Structure formats: C-alpha cells, structure tokens
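One line per chain: the protein sequences are S and Y, in this order. Going by the UniProt record's numbering, the first sequence opens with residue 1, and the numbers climb by one from there. Going by the UniProt record's numbering, the second sequence opens with residue 1, and the numbers climb by one from there.
Worth flagging that the hints you see were computed from the coordinates, not collected in a lab. Since this is a predicted model, take the numbers as computed values, not measurements. Wrong hints could be hidden among the right ones.
[Stated by the list, open to error] Computed list of lysine-lysine pairs in BS3-like fashion (alpha-carbon distance at most 30 Å, straight line):
(1) LYS567(S) x LYS572(Y)
(2) LYS572(S) x LYS567(Y)
(3) LYS269(S) x LYS567(Y)
(4) LYS65(Y) x LYS129(S)
(5) LYS129(S) x LYS129(Y)
(6) LYS545(Y) x LYS567(S)
(7) LYS567(Y) x LYS89(S)
(8) LYS102(S) x LYS251(S)
(9) LYS65(S) x LYS269(Y)
(10) LYS585(S) x LYS501(S)
(11) LYS499(Y) x LYS585(Y)
(12) LYS102(S) x LYS499(Y)
(13) LYS269(Y) x LYS545(S)
(14) LYS567(Y) x LYS102(S)
(15) LYS65(Y) x LYS65(S)
(16) LYS572(S) x LYS270(Y)
(17) LYS545(S) x LYS270(Y)
(18) LYS65(S) x LYS545(Y)
(19) LYS567(S) x LYS172(Y)
(20) LYS567(S) x LYS102(Y)
Protein chains: 2
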Amino acid sequence: MAASSEKYDIVIVGAGPVGLLLSVCLARWGYKIKNIDNREVPTLTGRADGIQPRSLHLLRNMDLKRPIMAHQPAKVYEVAFWDPQSGGKGIHRTGNWAACPKFIDARYPFTTLLHQGLIERVFIDDLHKNGADVQRPWTITGFNNDGQDKTYPIEVNLKHMRTDEKEIVRAKYLFSGEGARSFIRDQLGVKIRHKDPISHVWGVMDGVVRTDFPDVKMKCTIHSDHGSIMIIPRENNMVRLYIQIASSTDKDFDPRKQATPEDVQASAKKILQPYYIEWDMVEWYSVYPIGQGIAENYTIDHRVFLGGDCCHTHSPKAGQGMNTAFHDALNLAWKIHHVEAGFANRSILQSYEAERKHIAEELLDFDAKYAALFSQRVPSAGEVGAASEDNIDGAANEFVKVFKSSQEFTSGYGIFYGPNEFNWSSDHSAQSHLFNPKGNTVRVGRIMPPANVTRVVDANEVQLEQEIPLNGSFRIFLFAGSPSKTQRAVADFATNLQKKKSFYSTFAREDIASVSYHERHNPHSYFFSICTTFASPRDRIDISKMLPPILARYSDHVYADDVWDPKVPDAKAAAHAKLGLDADKGGVVVVRPDGHVGCVVTLVAGSGTVDALNDYFGAFVSKPIGNGKPQAQL
Amino acid sequence: MAASSEKYDIVIVGAGPVGLLLSVCLARWGYKIKNIDNREVPTLTGRADGIQPRSLHLLRNMDLKRPIMAHQPAKVYEVAFWDPQSGGKGIHRTGNWAACPKFIDARYPFTTLLHQGLIERVFIDDLHKNGADVQRPWTITGFNNDGQDKTYPIEVNLKHMRTDEKEIVRAKYLFSGEGARSFIRDQLGVKIRHKDPISHVWGVMDGVVRTDFPDVKMKCTIHSDHGSIMIIPRENNMVRLYIQIASSTDKDFDPRKQATPEDVQASAKKILQPYYIEWDMVEWYSVYPIGQGIAENYTIDHRVFLGGDCCHTHSPKAGQGMNTAFHDALNLAWKIHHVEAGFANRSILQSYEAERKHIAEELLDFDAKYAALFSQRVPSAGEVGAASEDNIDGAANEFVKVFKSSQEFTSGYGIFYGPNEFNWSSDHSAQSHLFNPKGNTVRVGRIMPPANVTRVVDANEVQLEQEIPLNGSFRIFLFAGSPSKTQRAVADFATNLQKKKSFYSTFAREDIASVSYHERHNPHSYFFSICTTFASPRDRIDISKMLPPILARYSDHVYADDVWDPKVPDAKAAAHAKLGLDADKGGVVVVRPDGHVGCVVTLVAGSGTVDALNDYFGAFVSKPIGNGKPQAQL
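Full structure from sequences and hints, please.
And the structure:
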C-alpha cells in the first residue's frame with residue numbers, strides 16, 4: 001500500500017451509460033469519484049440509442065431531460081410490422097401498434113432515439129457542474145480489496161493508455177461499467193451464464209437514406225422472403241438498420257461470419273422490395289456476434305460491483321441495454337449513499353444484486369419469449385386492438401397477455417422489485433395492520449404512477465411524482481384526503497414524526513438549526529422529503545392553518561389534488577383515485593429514492609401511521625428507532 | 001459617402017428584446033445585420049421579466065423555448081388580490097384568478113418570469129449560431145437616408161463608447177430598438193403623444209425575501225391602508241416588488257420624487273401586515289417616472305423604423321413592454337424579408353406601422369381601462385367565476401366583459417390585426433365567394449388556434465400550429481377533411497398550384513431541381529410551406545396514394561386529425577372542429593409567417609380554391625399571378 005495514494009469514495013471504470021449515471025448521482029450527492037475510461041473521447045458513433053419511456057421519466061427527475069431533448073431525438077410512438085405478400089410481390093404492412101400503449105400510464109409514451117455519444121455528453125456536462133470529470137484514456141490493471149485501510153479497503157491500479165503512466169489509488173468502492181468485456185469481472189472470477197444457447201451475428205448500420213418506404217421514420221420489424229430487418233429512426237434524418245446475419249441455429253453457423261456494408265445494403269434493398277432505398281451516407285457500421293448472457297454475481301464482497309453490459313448481454317432488438325444499465329447504476333447509487341452517509345445498514349448493499357439480477361433474468365426471459373412470440377405468427381388486428389386497451393388485466397388470450405406484459409416490461413414501467421427490506425410485503429419485519437390499506441392499487445416495488453396536481457404556493461400544475469428530484473432521499477407522499485376529515489390524523493402524523501425516536505427525527509440534519517430558509521426538499525433530514533397532497537381545491541388550502549409546522553415547512557411541497565385526469569375521468573381527486581386511496585381518508589405512500597414504491601400505510605389518528613413507518617425503516621436503518629425498539633410491534 | 005463603407009442589410013441599434021428578436025430573424029434568414037448596443041454587456045439586473053403566453057408560444061416556434069425554460073423561470077398561473085380588512089387588521093386575500101383563464105385557448109396558460117438579461121443571452125447565443133453578434137459598446141451618432149447608393153440608401157454613423165472610434169456604414173434599413181430615449185426617433189422628429197395625462201413614479205425592487213405572506217410565489221396586487229404594491233415572483237427565489245411612489249394626481253406631485261431602498265422596504269413591511277417580510281438581499285432597485293406615451297410614427301421613409309419602448313411607454317403593471325416589443329420586431333422582420341427577397345411589393349412595409357401602432361394604442365387604452373377597473377372596486381367571487389368561464393361571449397356584465405378582454409389581450413391571444421392586404425375581409429381586392437366559408441370560426445388577423453394532431457410518417461403527436469418553424473414562409477394549412485370526399489378537390493388544388501401563373505409556381509425556388517431530399521419545409525418555394533391534415537385516423541392515411549406528388553413531397557407535414565381535445569370533446573376531428581371547418585369538406589387556412597391568420601378559403605373541386613389564393617396573394621406580391629391578371633375576378 002502506497003501511503004500517499006489518493007483516496008476516493010469510488011473508482012468507476014467505464015464512462016458509458018452505467019458508469020456515467022453512477023458518477024453523476026454520487027458526484028451530486030457529494031462523493032469523491034474517479035471515473036476513468038479507456039477511450040480517448042465519448043462514443044462517437046453507433047452503440048445504444050434507445051431511451052425507453054421510464055428512463056426518460058428518470059432523466060427528467062435528474063433534470064437531464066431538457067438537454068437530451070435539445071438534440072431533437074427521434075421519438076417512436078408506433079411500431080410497424082411488415083411481412084411478405086404472396087406471389088413475390090414484396091413486403092406489405094400487416095400491423096402497427098403503440099410503442100407504449102395507453103394501458104401503460106407513462107408520462108412520455110414513446111421511445112427516444114439519440115446517439116449514445118450525445119447522451120454521454122449530457123452526463124459529462126453534469127459532472128462538470130459538480131467539479132468532476134472522466135479521465136481518459138485510462139484503464140485498470142489490477143485491484144485488491146486488501147483492507148489495509150479500513151475506510152478505503154480497495155487498492156486500484158490504473159494505467160494511462162498512451163503514456164503508460166501508472167497510478168495507485170485507494171477507494172471505498174470499485175465499480176465496473178466496462179461493458180461486455182470486463183477486466184474486473186474476469187479478475188473476480190465471475191462467470192457468465194448463457195440462458196439461451198442460441199447466439200446470433202448481427203449487422204448494424206447507421207446512415208442517412210432516401211427511400212419511398214413509408215414507415216422509415218417509425219420502428220419497423222420487417223420479415224421478407226429475402227431475410228429480416230429492423231428499422232430504427234434517429235435524430236438528424238439518420239436511420240439505423242439491424243440485420244441478422246447468422247444464427248447458431250443455421251446449419252453452417254459461423255460466429256465470425258462477416259458482411260460488408262455493401263452486403264448489408266444489398267440485403268436491405270431486396271428485403272424492402274417493392275420499395276427502394278439508397279444511402280446518402282453511412283455513419284457507422286458494425287458486425288458483432290451476440291449471445292444471451294448473465295453474470296452469476298454482481299458483486300462478491302459488496303465493495304467491488306458490476307453493472308450494465310458487464311452483467312447482461314442480449315439481443316439489441318428490444319432496446320433495453322442502456323436502459324437496464326441506467327437502472328443498475330441508479331439502484332446501486334442510492335444504496336451506497338445510504339450506507340456511506342450513515343443512514344442504512346451495510347447489508348442493504350446485498351439487495352443490489354438481488355434486485356437487479358432478477359431484472360436481468362426477466363430481460364433475458366423476455367428476450368427469448370418476445371422473439372418466439374413473433375417468430376410463430378403475425379398477430380391479428382383484433383389481438384393488437386385488445387392488447388392496446390387500457391386495462392392490463394383484460395387480457396383476452398395468451399398472445400395478448402404476453403404482448404402486454406412485454407410492452408410494459410420494455411417501457412420500463414413493468415419493472416418491479418420483489419419483497420425485501422425496502423419493498424413491503426406480508427413477510428416484512430414490519431407487521432402493522434395499517435400497511436397496504438384496503439382498496440389501494442399502489443403496487444409496491446413498482447414506480448409510483450404519474451399524477452398531475454396543483455402546487456399550492458404558486459398554483460402551478462405540476463407532476464407530483466417529479467416534485468422531489470433524484471436527491472437520494474426517501475419520498476414520503478402524505479395523501480391527506482379531505483382536510484376536515486384528516487385534521488386529527490395529519491396533526492398526529494406530525495407529532496409522531498417529531499418524537500425523539502421516530503425514523504424522521506433520528507436522521508435529522510446535524511445543521512438543522514441553520515438550514516437555509518430557501519431549502520425546499522431537505523429542511524430537516526437528508527434522507528426524507530415530504531409532500532402533502534389534499535383532496536381539495538387549491539384555493540381552499542391554507543398551509544399555515546391546515547398543516548402543523550413540520551409539514552408546513554415544506555411549503556413548496558403542498559399540493560391540491562384538483563386536476564382532471566383522463567385516466568380517472570370521474571374522480572374528484574384524481575391522484576388519490578389513481579392510487580386507490582380514499583379521497584376522504586388519504587394514506588401515506590413511501591417511495592424509494594429511485595421512484596419505486598416501498599410501502600403504503602393507512603393514515604389514522606394516533607401514532608399508528610408513524611409507528612408503522614418506524615417499523616418499516618427500522619428494517620434497514622443504522623440506528624434503533626421507534627421507542628428504542630428497532631422493530632416495535634403494534 | 002465613403003466609397004469603402006461596409007454595407008449591411010440592416011443596422012439595428014439596441015440589443016434589448018426588440019432589437020435582438022429582429023436580429024435573430026434576419027440573421028437566420030440570411031441577411032447581413034449589424035446590431036450595436038451602447039451597454040458593455042447584456043442587461044445584468046432589473047428591467048422586463050414577463051413572457052406572456054403568446055410570446056412563449058412564439059419563442060417555441062423559434063425553437064428558443066427550451067433554453068428559456070432551462071433557467072427554471074417562475075411561472076404565474078394565478079393572480080391574487082389582497083385588500084385591507086376593516087379595523088386595521090392588515091390585508092387579507094379577496095380573490096384570485098387564472099393569469100390565463102381557460103376560455104383562452106393557450107398552449108402555455110401562464111406567464112413566464114425570467115430576468116431580461118437571461119432572455120437576451122438566449123437570443124445572443126442564437127445569433128452566434130448564425131455567425132452574427134452584438135457589437136458593444138457602440139452608439140449611433142447620425143444617419144442619413146441620402147440615397148447615394150440605391151441599394152443601400154442610408155448612411156449610418158457609429159461611435160465606440162470608450163475609444164471614440166468612428167465607423168461609417170451603409171444600410172438598406174436602420175432600426176431603432178433604443179428604448180424610451182431614442183436618438184433615432186428624435187432625429188426623425190417623431191413626437192411622442194401622451195394618451196393618458198397621468199404619470200407615475202414607480203419604485204421597483206428585485207430581491208430574495210423571507211416572509212410568511214402566503215402568496216409570495218404568485219402575482220399579487222395588494223391594496224392596503226398604507227399604500228399599494230404589486231408582487232411578481234421570479235427565478236431563483238427572487239421576488240420583484242412594484243410600488244407606486246407618486247402619481248401626478250397627488251396634490252404635491254414631484255416627478256423626481258425619490259425613495260431609498262429602505263423607504264420601499266419600510267413601506268412594504270407596513271403594507272403586508274399582518275405578515276412579515278425581510279430581505280436576504282436586494283439584487284436591483286430603481287425609481288423611475290413613467291407616463292403613457294406613443295410615437296406618432298413608426299417610420300417616415302419606410303427605411304428607418306422604430307419599435308419597442310421607443311414607440312410606446314406605459315405602466316409596467318401588465319407586463320406588456322417586452323412582449324409588445326417581440327411582436328413589433330416579428331412583424332417588421334418578415335415584411336422586410338418579403339420585400340428584400342423579391343416576394344412582396346415594397347408597399348407592404350406600410351402595414352408595419354398600421355398594424356403595430358394600432359396594437360400600441362390598444363395597449364394604452366387597456367392600460368388605462370384596466371387601472372380604472374380595479375381602482376373602482378374589488379370584483380365579487382361570482383364575477384371572477386363568470387369571467388373565467390370557457391365562453392368569451394357569455395359575458396354577464398360590463399366588469400366581466402372588460403376583464404375577459406383584458407385577460408385575452410394581456411395573454412397576447414387577443415391581439416388581432418385589422419383588414420388590409422394580408423388580413424382578408426370583404427373589402428379585400430380578392431373577392432371570391434369561397435373566402436370565409438360558412439361555419440368557420442377562424443378569426444382572420446388572429447393567431448391560429450392550437451391543435452394537436454398525429455404526424456403520419458412517424459405517428460408523433462404534434463402541435464399543428466408549431467409544425468412550420470418561424471422561417472419567413474406563409475403557411476398553407478390544407479384541412480383535407482374526409483379523404484373519400486375531398487379526393488377530387490385535393491387533386492385539383494395540387495393541379496392548380498402547379499399551374500405556371502399560380503402564386504405557388506411563380507415563387508418557386510430557383511434551385512428547385514437540386515433541393516435536398518431531406519428538405520422538410522421549403523421543397524418548392526421559400527415563401528410557402530404546406531401542411532395537409534386529414535380528418536381521418538393515422539393508419540388510414542397512405543401519403544403516396546392519397547396525395548398528389550406536390551403535396552406528398554411534404555411527407556413530414558401530413559397529419560391525421562385524430563387526437564382528442566378537451567375543448568371540443570365530442571368532435572371526431574378536433575382540429576377541423578376547433579376551426580369550424582367541416583370534417584368532410586375541410587378548407588384552406590392561410591397563416592402569415594408570424595402565425596396570424598390571413599384568410600380562410602373553401603376547398604372545392606376545380607380551380608376555385610387556388611384562384612382565390614391567387615387573388616389573395618396577388619394583392620401584395622411582386623409579380624403578376626393568376627392567369628396573368630394580378631387580381632383576377634372569378
């Protein structure tokens with residue numbers, strides 16, 4: 001151990017989507033990061049380009065949607081299916097449906113297509129605002145969790161790619177966002193398991209084309225007598241073509257089979273008949289073999305973590321790689337933060353692999369199922385219609401069911417985390433009968449549904465689920481129902497929050513006496529933000545009269561549930577209704593820092609509501625709470 | 001005349017909102033501009049800050065809304081009224097209503113509050129993209145429309161403010177965006193007429209405050225026993241206070257009356273009782289006398305023009321100064337462009353003063369009426385309710401009527417231009433009976449109402465009125481009704497557009513044979529863009545089969561009128577319905593480059609529709625059109 005080694009909270013290897021999102025979060029939250037990348041510059045061409053609806057929603061929560069959209073990306077609202085006509089007359093359209101159908105309650109019901117390099121630069125610009133940057137071209141040559149420094153147990157060896165300059169640093173954490181070929185993963189001896197034995201060789205070509213094919217600005221899946229192709233529109237009149245060049249199911253399969261750009265263009269021309277296609281320019285072209293694979297572990301020691309393509313590879317067809325990477329990074333970021341900030345037990349880091357590996361398994365299952373679904377037959381118009389209906393449970397047949405769950409999964413809104421310390425279930429150590437109030441339709445482990453409300457202080461119509469930025473805090477949504485009926489319950493909620501051993505008081509800010517008057521999100525604690533929403537018109541809400549000081553302090557986070565919503569057209573309080581909460585009685589929804597719901601609790605007079613939350617948080621926080629008993633029983 | 005003088009299309013003096021918007025438009029459209037300003041840097045503090053709903057809509061059309069919103073401006077959705085309580089108990093809220101009520105069909109029903117300097121920088125950044133910039137600190141010392149150069153008739157003398165360096169240039173046009181104290185206006189001998197003899201001394205203070213006054217994040221008009229104040233929220237927790245310090249109606253009126261920041265703060269504290277207010281910091285403070293005034297002319301020779309504050313001054317209360325300036329600049333920009341590009345007769349420049357001076361007169365009338373309205377009495381809750389209803393014609397009494405028209409006017413959506421060559425009326429030289437089809441509710445001279453439609457090529461839901469950017473072209477909206485019923489009319493429309501002497505063919509691009517495949521807006525002519533909207537679901541529209549090539553060439557501008565709109569909930573084709581156009585038969589709406597409707601024409605089989613448009617455009621274009629007769633009769 002070099003005594004003089006520079007020390008970092010985390011060394012992040014790789015500045016693709018997963019590494020960058022992790023860097024951005026931790027840099028914003030005050031951590032000292034070192035993010036290296038072995039490339040001289042951000043991605044120039046090619047690679048991932050699809051931001052799914054839920055990911056865009058997340059980027060909005062990070063205040064990064066605007067710079068993304070400033071690049072005027074393509075937006076895919078519909079997917080068109082084309083198939084061969086009989087008699088060699090070329091292809092014709094056999095169906096099309098919404099990329100993110102109405103039954104998914106998405107803020108942004110479309111996929112956003114933008115070159116990965118532009119997305120990376122948005123993250124890098126954000127790093128600069130926090131005094132951080134990516135160091136290039138550097139690579140990792142070794143690491144060792146030698147524990148010689150208790151606080152910074154890992155030694156990391158780095159090397160400049162051109163000058164061979166070496167650097168040894170120490171870190172609390174090491175993260176591999178290196179992509180499919182990961183030095184760190186290999187060093188850890190983590191194996192890749194192949195779920196589906198079939199592998200494919202894909203060709204991908206980005207370029208500017210001229211064509212009379214009418215759907216060139218939509219996502220298309222095209223089968224023809226001459227092969228299959230997928231079309232993805234992009235910014236700046238660019239079009240991406242995916243073409244399957246070989247499959248391990250082929251008799252003469254060669255995973256190293258190559259194809260020139262001219263081969264691919266010639267194939268595309270045949271496949272698209274009777275339409276023509278010509279290229280003005282080709283920006284990027286690549287042929288690569290790909291198989292399904294999943295890392296057996298995402299970490300060994302809970303100090304060195306893997307994420308992104310390093311953990312899961314699959315076909316690019318569903319556009320899930322970058323999106324899964326974003327959520328890997330997000331999931332790990334707030335957990336590291338909660339441990340390092342002294343809020344949560346170190347054991348929560350175990351849930352990173354548990355939660356994210358499960359999603360990767362689902363992704364691979366989905367990948368296989370989805371492929372099978374469409375290789376069998378073309379769905380009928382009626383099936384597509386049924387599959388696009390509002391009600392996800394109204395699934396008429398197997399096809400519609402699989403299709404719907406696929407659509408929900410790929411949008412990102414189908415992702416849910418199973419029961420654990422964060423995601424309440426009847427197996428959780430917190431056992432109050434107030435959990436999961438009757439009638440509520442909130443799905444624990446999933447994203448809280450979007451809802452528009454009116455902010456009381458300035459009468460702005462806002463997106464409630466976006467009101468707390470991605471700041472690492474748990475979001476306590478107090479749905480306060482009808483003011484006249486919940487007056488007592490709200491007062492008691494506040495009183496019990498303030499009790500010495502409550503989850504809220506226990507993790508009060510040390511500087512609570514000198515917090516800025518203008519602090520909006522974290523006036524009392526860095527780990528909680530509270531939003532109060534009344535089922536009442538805005539002009540009937542008087543914050544100082546209707547809310548106890550601890551809640552009134554969040555004056556920017558008091559809302560009126562008085563905005564009409566087409567999803568619940570007859571509801572008087574749409575946000576309450578969307579969550580299945582009684583418009584009189586309300587309820588409390590706890591949302592994890594990443595936007596997934598942790599638990600839902602009945603709002604009652606007395607201490608029960610806060611007691612239940614004490615029990616809930618008691619399952620993973622670092623200090624005893626709730627009357628001194630970490631897991632008090634009611 | 002210095003033979004070596006540099007030559008410009010236009011010299012623009014002043015880089016405030018009016019000068020910058022003019023510069024941005026003309027620089028984008030390829031003109032050589034020289035924009036000078038006598039300040040060293042853009043506005044640092046103070047000045048205008050309110051972007052009204054229609055102005056934001058315009059900035060969106062210029063693709064400048066995103067950088068404006070990136071500054072996270074305050075948004076005012078409601079205005080609160082506070083008045084004294086009896087018994088010296090201080091103020092209480094007596095009413096509040098929407099800043100842009102629902103009866104106004106606005107895309108953005110709020111006022112956007114942002115420091116003028118930040119707005120200026122957005123324009124300046126855009127200038128840079130077009131290779132232009134503002135030269136500082138330079139001033140104008142003289143000018144002369146000496147005609148010694150026929151193309152560049154004006155000599156302009158400029159001086160650097162620090163070095164006294166002098167420059168003489170020649171220009172086609174000279175524009176004064178100098179503000180209330182205009183050297184150019186004075187040199188021209190243009191007088192300011194004072195409509196309302198009353199003048200006021202205002203104090204204005206921008207700062208960050210602490211207060212328990214609950215409406216500090218809304219626009220407030222506060223009357224108290226200790227005086228009156230207006231509150232305007234701003235970005236970054238800033239608050240602007242306007243306080244009337246003296247009025248010429250006071251017995252001892254002194255237009256030079258001063259007040260220190262401490263005086264104003266002391267007054268504010270008294271006025272706001274029983275609430276407290278304290279300042280963390282004061283960013284800007286100013287006291288200035290202001291009276292209503294309007295320039296008697298906006299130009300003398302149609303070469304030297306005035307605009308913005310140089311032409312109209314009034315109270316800052318309604319937040320109209322910068323917004324009026326934007327529209328002055330916009331109005332002049334496209335008219336200069338159409339003359340200089342050889343499209344329109346030079347005589348159209350006369351409509352600049354006619355159209356814009358009329359708006360300034362209305363503004364001053366409104367200013368006086370609005371002030372009187374609220375000095376008389378506080379409106380009742382019922383009146384406010386009635387005034388916010390959807391239907392502008394359902395006005396119950398005089399108050400509601402005046403209030404509604406005031407709201408519409410200040411939003412920018414009430415602005416309309418009276419009959420002239422651009423704004424068709426029964427007095428227009430074009431006399432076809434096809435103008436102004438029965439049932440249509442489009443109001444010529446006003447903004448085309450917003451409508452969402454689905455773009456056919458990519459299934460994106462888009463804002464139809466925004467689909468043509470501010471590119472200087474007339475926008476021809478072909479509402480094509482039901483495809484099966486308009487097939488013939490659409491075909492004939494296309495055929496007649498292509499006739500040699502049609503308005504469309506006459507102004508074809510010279511490079512029409514080599515226009516880029518990817519050109520979206522101006523494939524045939526720089527002066528026209530065509531959007532076709534069918535009253536049909538998107539998936540029934542086949543562009544290549546349903547549209548003749550001339551219209552199909554605008555493949556990015558073919559739309560399906562299949563998006564539900566809450567304003568016309570029962571309509572099957574909402575965009576058609578909002579315009580009062582028959583969903584079977586459609587109609588043609590011609591929109592000026594600035595978004596105001598020029599004329600509406602019935603869509604019929606035969607040559608009638610295009611004949612009518614030939615007559616309409618024949619009234620002002622520079623070449624004979626329509627069978628060789630500039631104003632053919634049907």
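Would you check the hint for LYS65(S) and LYS545(Y), treating anything up to 30 Å between C-alpha atoms as holding? violated (38 Å)
Take a quick look at whether LYS65(Y) and LYS129(S) sit within 30 Å of each other, Cα to Cα. Roughly 23 Å between the alpha carbons, so the hint for LYS65(Y) and LYS129(S) holds.
Within 30 Å, alpha carbon to alpha carbon, are LYS572(S) and LYS270(Y)? violated (40 Å)
Going straight from one Cα to the other, do LYS102(S) and LYS251(S) come out at no more than 30 Å? Distance of about 42 Å is beyond 30 Å: violated.
Between LYS499(Y) and LYS585(Y), does the CA-CA distance stay at or below 30 Å? Judged against 30 Å, a Cα distance of about 23 Å means the pair holds.
Is the Cα-Cα distance between LYS567(Y) and LYS102(S) 30 Å or less? Status holds; Cα separation ~21 Å.
Starting from LYS567(S), check that the Cα of LYS572(Y) is at most 30 Å away, please. Distance ~20 Å between LYS567(S) and LYS572(Y) Cα, so the pair holds.
Within 30 Å, alpha carbon to alpha carbon, are LYS269(S) and LYS567(Y)? violated (46 Å)
Agreement of LYS585(S) and LYS501(S) with the hint, judged by alpha carbon distance not exceeding 30 Å: Given that 30 Å is the threshold and the Cα spacing comes to 26 Å, the pair holds.
Is LYS567(S) within 30 Å of LYS172(Y), Cα to Cα? violated (57 Å)
Please verify whether LYS269(Y) and LYS545(S) have alpha carbons no more than 30 Å apart. holds (22 Å)
Given the hint that LYS567(Y) pairs with LYS89(S), does the C-alpha gap stay at or below 30 Å? Distance of about 46 Å is beyond 30 Å: violated.
The earlier numbered hints that this structure contradicts are 3, 6, 7, 8, 9, 12, 16, 18, 19.
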